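> Using the hints provided, position chain C relative to the given structure of chain W.
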Amino acid sequence: MKLWKTILTAAALALAAGTSAFAARTDLVIGVTLEPPHLDPTAGAAAAIDEVLYANVFEGLTRIGPNGEVLPDLAESWTISDDGKVYTFKLHTGVKFHDGTNFNADDVKFSLDRARADNSVNAQKGLFAAIDTVEVVDPATVKITLKNPQGSFLYNMGWGDAVIVAPETADTNKEKPVGTGPFKFQNWAKGSSITLIKSDTYWGAPVSLDKAEFRIVPDAAAAVPALLSGDVQAFPFFPDLDSVAQVQGDPRFKVVIGSTEGETILSINNKKPPFDKLQVRQAISFALDRKAIIDGASAGLGVPIGSHMSPASKAYIDLTGLYPHNVEKARELLKEAGFENGFKATLKLPPPPYARLGGEIIASQLRDVGIDLEIVPVEWAQWLDQVFTKKDYDLTIVSHTEPNDIDIYSRKDYYFNYDNPTFDKIIADLNLTSDEAKRMTLLGEAQKILADDAVVGFLYELPKAGVWDAKLEGLWENAPIQANDLTKVKWTE
Amino acid sequence: MTAYLLKRLAIALVTLVLASMVVFAVLEIIPGDPARLMLGLNASAEQVELLRNQMGLDAPLATRYLHWAGGLLSLDFGRSYTYSVPVIDLVRERVVVSLPLALIALALSTVIAIPVGLFSASRRGRAGDTIAMGAAQLGVAVPNFWFALMLIYLFAVWLRLVPAGGFPGWSAGVWPALKSLVLPAIALALPQAAILARVTRSALIEVLHEDYIRTARAKGLPYRAVLWRHALRNAMIPVLTILGLQFAFLLAGTIIVENVFYLPGLGRLVFQAITQRDLIVVESVVMLLVAAVIAVNLLVDLSYAVVDPRLRSRQ
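Residue numbers (the numbering used here), protein chains in the order written: chain W, 1 to 493; chain C, 494 to 808.
No wet-lab data here; the hints were simulated from the structure.
Since the structure is predicted, the reported quantities are computational estimates derived from the model, not experimental observations.
A hint or two may mislead.
[What the hints assert, rightly or not] Just a few of them, taken from the derived set where beta-carbon distance is under 8 Å, the chain C residues facing chain W:
| hint | residue |
| --- | --- |
| 1 | ALA536 |
| 2 | LEU543 |
| 3 | GLN547 |
| 4 | THR575 |
| 5 | GLY659 |
| 6 | GLY662 |
| 7 | ALA709 |
| 8 | ARG761 |
From the three backbone atoms N, C-alpha and C, an ideal C-beta is built for every residue, glycine too.
Isolated chain W, as found in the complex (with noise of 0.2 Å):
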């Protein structure tokens, strides 16, 4: 066994030495957890196909940088009229459809028209809503007139789900992706892995990978042996936290802890009594113990938050202050409400660890305080049909991944049945203010009044744990959306 070792090192040594010594390799293998249902990203919801192909394959107006950032794309620059209702986007020239075909204002028009239409199922259609007319002022040139001014416009337009198709190759982008980006699709072996290339035909910065295959590891069980066996050299969203210290001790590989846009909290029912009591709200918030939460759920990495907005982001303000672990507080106040003896409630779990991990934890916490928890472990399907569409539930976990998402707290009949016309009329001024200072100030405000009204148990970011080989570079730190831009990747040696 030994004799057996040493010769295959030896040979595996020799190989490594062999195919290093001419240069850095331009192939790398991608692990991602969810096989995405199809790869268009107009045409739903699921992050896995954007993981895939954002940046890479489809490009927009405008994209959203590593740190959040509203960059240009396929817009090289644009100019807005002075009531903040017109948008004149400056388009690039010379760029090419994977399939050949010239990229020009009418592709523009024509994947705006199409997202907004009525019989669209975009998954984000509320993206579009605020676009009144979209004209083709010359090839290289776009104008959009939006009904009201929206302080968030160029950074809807660089979302996933906004990216610009040809008309030709719109119908078939599910099976076969056709868009203008530096990579082109090559071969999706389903239930596998999906194969990008170098676009030869790219109009920008040219890309330094060749190929660029996203292999389907489902078992968080087996990433670290993936990466150990070097099968895959980069899991940009590591699946198993409890490991990540085994590999951070190892040095060929990088670990690094970033933030996404995943408020993780415990949602509920505004309107479901007790919870329609303020009292009760708070009383929760003071009987979470975030650290333990995160502890338990996140492997420690999760950061606590006190409102709905990102600690990485810009408008972040503390506010985990304001309900301090404190069972004596949370009591008092369920007597104030009329509990002292407590109640009885569910808890909804669907299937994520930091759900179901999470789930134990609270219910756990919740017992001290005397409030009883029977907890439904439910899976997405159910979960999306009982909890967030008939809104039958008490208590759930989960977490809103989508950026900038504070709006959802005034939507009409969503799931937490929360109704404050001064948090709407925030909302409501914060889409037509383009100002940034203004938009800062509004978006504390709204998150003040959130907490204040304790609307739901605000826990954590969720951590993005990348664990990637060490000499591979250019992959992003943190998720502001959910993507893996491969444009700056590249092996160091």
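Showing chain C alone in chain W's frame:
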């Protein structure tokens, strides 16, 4: 023999029709709307309704059943909601992984189990038997996902002989494809072999008590020849039954091992389809599996007749 065969076929057909009704009804009853799942949290109720309409989900249950079952008759398995490709294409892609894997695992398990069973039965109660059966007990008890991980750490991480998982596809060449099936096949085969070895042993022990064995020995036939020619053949019926059951399991029940090795097999297709509420895929694949199980059972019934001439002449 023909009447026997016809009767078996008729039963198989009735089973298929009943199974199709049960499968369809059960899946339509469980909560979860495929359209909502595809559109996610930000889509409005009207949009979900629109997509339901486009997917044909708003038609009455009976209409949809007849449409689906009618399609099955003409071997049209429908189109996947999520992938929007014909279900049969998805199945074809997966069968080329699952079927070879099941066959290799089955062959491996038989090759290990029969000799071990023979060895144990012929040394009943002695040290060799105790060791072999102890090992078999361990084989049954060890969870296969744990065993799979141990195999991965040994052969993929430490020795780097085979990949830790994944399937390159047969287009990458027969050897690379087979290489990626070796560990999963071992992980699947060992627990099955353990069960099969125990069944073989006990069936053999029972047979070895029969009079004709004593007769064969008395007429001077060597023990080894008696064991292989007379005893094993007569002990085959329970062994074949177990083999048939194991094949059905190996074809679709290997979801855990498929997950650990991230193999794109049938089990994972069904599992993914269930979580995504891709009902048409679940329904059609389950029906295909029902058909496969029925076919395997039919084959096992026929093979009884091959090993046992009495069954052949009975009808």
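> Now tell me if each hint is right for this structure.
Hint by hint, here is what the structure shows:
1. Hint status for ALA536(C): holds, given a least beta-carbon distance of 5 Å to chain W, under 8 Å.
2. Because the beta carbon of LEU543(C) sits about 6 Å from the nearest beta carbon in chain W, less than 8 Å, this interface hint is met.
3. For GLN547(C), the interface hint holds, the least distance from its beta-carbon to any beta-carbon of chain W being 7 Å, beneath 8 Å.
4. Because the beta carbon of THR575(C) sits about 4 Å from the nearest beta carbon in chain W, less than 8 Å, this interface hint is met.
5. The beta carbon of GLY659(C) is positioned within 8 Å of a beta carbon in chain W (closest approach about 6 Å), and the interface hint is therefore held.
6. Proximity of GLY662(C) to chain W holds as hinted, the smallest CB-CB distance being about 6 Å (cut-off 8 Å).
7. With 8 Å as the threshold, the beta carbon of ALA709(C) stays out of range of chain W, its nearest partner Cβ sitting at about 44 Å, so the hint is violated.
8. Annotation: ARG761(C) was flagged as interfacial toward chain W, and the flag holds, the nearest CB pair being 6 Å apart, inside 8 Å.
In this structure, only the earlier hint numbered 7 is contradicted, and the remaining ones agree with it.
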